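Asker: Here is how the chains run, residue by residue.
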Amino acid sequence: MKTQVNRLPGDTGKGLAGAHIDRGRSISFSLNGRVAHGFIGDTVLTALIASGVDTIGTLDGHPLGLRRGAAPPIAHVGTAHDPQQALPMDRTLAMDGAEYVTVGDRTASGLFARLFQPGRTLGLVVNADGSGLASPWRGVRGSAEEPVDLLVIGAGVAGMSAALAGAIAGLKVTLVEASPRLGGHSGLFGTQDGESSPEENVAHLFDEISASDAITVNTATEVFAITEGLARAHQVDTSGGTAKGRVIDLPAKHIVIATGSLERLPIFGGNRLPGVVGAMEAFELAQRYGIWTGTSWLLATTSNPAYRLGTLLQDTGLKLDRIVEGRDRANSRYIEFCKAYGIRQFPGTTPSFVSATKSGASLSVHLPHSDPVPVERVVACGGFQPDLTLWHIAGGASHWHREGQRLEPRGTLAGIALAGSAAGYLTRRGCITSGFDAVDRLLGREGRGVDDPVIDAIYETRDGWMIGPEGEDTAPPAYLEGDRTLLVRPVTPQQSWSQRFFDRQPKRARVLSEAPQSLDIGAICAGVALGLIPAASAGIVAQERVALVPLAQIAPTTVKTTTPVLPTFVPPWLVGRFGPDQRVATLDHDKARSLGAGALIYASGDTTDPQSASGVVLRTASGQTMALVSATAPKNVIVRDSGQEIAAVIAPLPVQPA
Amino acid sequence: MNEITTDFAVFGSTPLARLLAGLLASRHGKKVVIVGEVKARYRLPRVADLSIAPITRPETWALLQAAIPETTRLIGKIGGRTAHRRVDSIFFAESPAAREALGHVANMVRAFGMVVETLPASLLGANRLALRISDAIAINRPVIEPALEAWLTQSGVTILLAPAVSFAPDGSVLLREGETEIRAAQAILADDTAITDHLSRAEWPTPLVERLYSTILTTSSRHLGSPIMADFDTGTWFVEHDEGGMAAIGPGDLAKFSQNLIALLDQPSQLQQAGQVTFPALGTADNAPLIGRRDDLGPTLLVGLDGWGAFLVPVLARHFAGEASAREAAWIKTHGPARTVPVGEFAAHADEFPA
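Just so you know, the sequences run in chain order A and L.
Taking this note's numbering, I'd label the letters of the first sequence as residues 13 to 670.
Taking this note's numbering, I'd label the letters of the second sequence as residues 113 to 467.
Don't take each hint at face value.
Unchecked claim - Partial pick of chain L residues on the chain A-facing surface, computed with a CB cut under 7 Å:
no., residue
1, Leu156
2, Pro170
3, Glu212
4, Glu261
5, Gly356
6, Ala386
7, Gly448
8, Thr452
9, Phe458
As the list claims (entries may be wrong) - According to the in silico footprint, chain L covers these stretches of chain A (three or more CB under 8 Å from chain L):
no., segment
10, 487 to 494
11, 584 to 594
12, 606 to 614
13, 621 to 628
14, 650 to 663
Quick caveat, the hints were computed from the structure, so don't treat them as lab data.
Computed from a predicted structure; not experimentally measured.
Positions of the beta carbon are idealized from the N, C-alpha and C atoms, including for glycine.
Produce the complete structure using the sequences and hints provided.
Answerer: Here it is, written out as structure tokens:
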């Protein structure tokens, strides 16, 4: 029986046979007691997907797809209680014989689990707030590494160029990359005329970095917090034969953020069902790991690079039913290539929703004016957004670029520069030259400038948004983003006739400012596209809500004041309360009753108007009650404390001996 | 060029600013323009919009308690039943000085007819004095703000977002937006952002100070003892949201405020941060509200009224319309920039966090 049901044959052409795996070296490991198979070079996530696992579990009765960026953390058996020992399955290389458990969510049982083929699902019950997908190590303090001159975050072409620029400038450089390998994500975007291929570029940069003594490379290392001069990262170390996680602090004089772009999730019901995947993830699963799920698929896109999948997979036997293009009139060389292959294309079309068939084995894509289209996989691409997460965490600003329909960085930060597509550049050449330029700017140099030869939008239409209609009651939810935040598209509440008649407001819809979870860039951008967030406010919201910095990382140094107050002390806020000649006096009263600070003192029997009070109790010290009274307060007074009236006598302060 | 003259130009985006503009127009028949854009639905809260606060002066409580019913009815009329709600708030303190201040506030609140209950030590910790104050009114900003915009328009208030502004020494202001020029006889800068956007520090009245405050939104699903709580030691407000999570608002930049919050909270490691912001907040050296003009020149400033001050809006509107009662006028006068009578209020750690 084939154990790796989603693995493409080893002779698959067009570079889709799995460049990162060694098919000659099989491995197996267990997760929650279930055995998964893979090859050396697989991550835990890719081995699971290759083995046919594509579902995390259920959320609100609907299955939730397993995907990069939204996979539950794991840990070796017996270490799940230790947040530092938790591991990200998409950054952890699969090790032969390892035994893992998922951390956080509990497993489900019952009817719905049986609707899916055995083995497809991890069987977890997912919390709607995404807490089960959160990274437990974020609350752990880091161990300090050696300081360096330049820290580069992200080892795509921009980051690798920045690292080389730093080395050339004589700096000591650390280059960190979240995934297990260098190279970034430029592979999907193809080549412009005269350019070398992304693979050639990456290989060349890799060779130069390897040859440099000035550059230290840390892979499987993801930065999750940053400020001027310091970044905190979680690292997965597999050098000892077993995967171990640790949190490290990386001090650096200069920092370049080259974290690339995020793929936007098209917004339609069912956009995170198992079997629905982004174009970049689909491409890299195929190209790096030789993985493709299902034998039939549909592409829904508002971005040109996604079309490349159509041509690359032409000779694989995988049936592309059609391409659904959300933009009304899109132009691209990739679109023309697909036409040349005879692939059916439907411009100006957005899925209404995607549903899973009852057996769970395939999907139905519901399109306007069409019967549902049955396929086993949907590749959905909503365009690309610069990954400004760390930029915002560091305090950087951004704004909504109306023409580009995306958030772009604004302003500068001391000691931190953006490079590559994170900075907004659109071409590979732009990303490479921006890496050099970023280092120049950090070092206070003129900067050699950035050459970003963007093809005119007439020929290469810019990314658009894919927004389906508001969901039908029976449709699965439409998520705003493909990561762990699990925010769904708000649905306009329907008012009943009685509510309309009596003008009663329904339970108020969710308000973004009070949503009890961080909002990542994708959700904010989706919010703008849906009209939930004004474009003018997007930058503000991104700054305030995107960051997720752990609270429990700094030892509190505030010393609580327990110093007793001096008996006759009059706090500043009581100055002049009872006139310019107010005085401190003692108050003699029945000692069986203690008087609380703030109890009002009245000259007469009428104790109902606080504005007529003649004084106030300051405190009781050493058995003596001190009061602040007006100059005209009589000797015999009434104190009103906790609703009770107590007779008292004002006496002057005892004279202190000389 | 369209030239328009109005009685007032109110600058600000808070509920106080919007209510003031609308009342001046709808109730006092004034011609009003308002400058500023509301953003609450999308930003973290900066204040707790509550009808009570750590106020120790009886004259302020008297004015506030008289105005609360009027303001509450107005807010309900504008935004519906969900625009406000009754909450039982908890004020608490630990240090001797803060416990004393809490005692003073509690006696004030009790004296003005509110129910105050001392809570058992087990609720917030043995060293803390905690008091529950019943039936305060909390404004639901995300509900009231869009409703306020509609009400302003219905009331005939002109809304401008970012006109060119030119203040005159006599308190008037000239606004230019596109082809429209508006001259308002009196300019009122009704919130902190309006003041910092339009006046330089050199133009601030002497008592004005700027302090750093922060808001941290957490994902905690554990319920607080009350929907709104205030710590007298650190000056931190805790506002629980209907949808889960809690906003903590208090003095200090993010690092300092975060430290204070960790020290304050039980099991802080269970909390995840869902958002944060540091912002400058204006106040006065004596921590009391300020209403007036610097040396009787330039625009009128409203400072220190965020949160509870919105409930004082009918008083402010009567003052600006020249219809204030003797008591209201006296309170406004004693809270002017050139204070001759001490009106100081309690504030925790305020002086430690200059901007």
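Asker: Does L:Leu156 pass the interface check with chain A, least Cβ-Cβ distance below 7 Å?
Answerer: holds, 5 Å
Asker: Are there at least three residues in the segment 650 to 663 of chain A whose beta carbon sits under 8 Å from a beta carbon of chain L?
Answerer: It holds: at least three residues are needed, and the segment 650 to 663 of chain A offers 4 whose Cβ sits within less than 8 Å of chain L.
Asker: Does L:Ala386 pass the interface hint, meaning its C-beta sits closer than 7 Å to a C-beta of chain A?
Answerer: holds, 5 Å
Asker: Holds or violated: is the Cβ of L:Phe458 closer than 7 Å to a Cβ in chain A?
Answerer: Result: holds, 4 Å to nearest chain A Cβ.
Asker: Quick check on L:Glu261 please, does its C-beta sit within 7 Å of some C-beta on chain A?
Answerer: Interface hint status for L:Glu261: violated (13 Å vs cutoff 7 Å).
Asker: Are L:Gly448 and chain A close enough, Cβ to Cβ, to be under 7 Å, as the hint says?
Answerer: At about 15 Å, which exceeds the 7 Å cut-off, the nearest Cβ of chain A leaves the hint on L:Gly448 violated.
Asker: State whether the coverage of the segment 584 to 594 of chain A by chain L holds or is violated, taking the criterion as 3 or more residues with Cβ-Cβ distances under 8 Å.
Answerer: holds (count 6)
Asker: Does the nearest C-beta of chain A fall within a distance shorter than 7 Å of the C-beta of L:Pro170?
Answerer: holds, 4 Å
Asker: Given L:Glu212 was flagged as interface, is its beta-carbon under 7 Å from a beta-carbon of chain A?
Answerer: holds, 4 Å
Asker: Close enough to count: is the Cβ of L:Gly356 nearer than 7 Å to one in chain A?
Answerer: holds, 4 Å
Asker: Counting residues of the segment 621 to 628 of chain A whose CB is closer than 8 Å to a CB in chain L, do you get three or more?
Answerer: holds (count 4)
Asker: With chain A as the partner, please determine if L:Thr452 meets the hint condition of a C-beta pair closer than 7 Å.
Answerer: violated, 10 Å
Checked against the numbered hints listed earlier, the structure breaks hints 4, 7, 8, 10; every other hint is satisfied.
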